[in-house]
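Visitor: Sequence:
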Amino acid sequence: MVGIFLTIWVRSELKDHVGNMKVSCVGRGLMDYLGNKGSISISMSLHETSFCFICSHLTSGQKEGDELRRNSDVMEFLKKARFPRVHGSDNDKSLETILHHDRIIWLGDLNYRIALSYRLAKALVEMRNWRALLENNQLRIEQKSILWQVRIGLFMAYFGLKLSKVMEE
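The numbering of the sequence shown is my numbering, which starts it at 82 and goes up by one.
In case anyone wonders, no lab produced these hints; they're calculated from the structure. None of the hints are false.
Straight line, CA to CA, 35 Å or less: simulated DSBU-like cross-link-like pairs of lysine-lysine: (1) Lys-144 with Lys-161; (2) Lys-96 with Lys-160; (3) Lys-103 with Lys-160.
Taking the hints into account, I'd like the entire structure generated from these sequences.
Guide: Following this line, the structure appears as structure tokens:
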């Protein structure tokens, strides 16, 4: 996998409160290895809060159904990203999956589009009709679905055990 980079910076006064740092890479190119689609995830704790930072490059394309491929990428990252526990460590706070973290910050080239023709989107921009553009933003549409919200852990506390079972399958 090439072209995905993620770095975490903390203020010097916080560095002694950062721990349990681990990295996971998941490829989505040829044989899940070659290409520039994939994710890098960093798991860490700051004080008593666990964080997972994910930088991903999702499938591109403007054809109908390409957003489903992007959603599939997200699911694969959630299923395959692992932060192994350190054997022999007394640390119970070592988390194994993205969804087990208290805070999840997802960024990158997500490739979601405005689900309108170029001509209509351009006309809406010229009319400054931001609401219509937002209503057709594929990422916002996907975020409104319960499935996407579960995927990014917004309802993790409510679904707890069910999510663990789904992620294991």
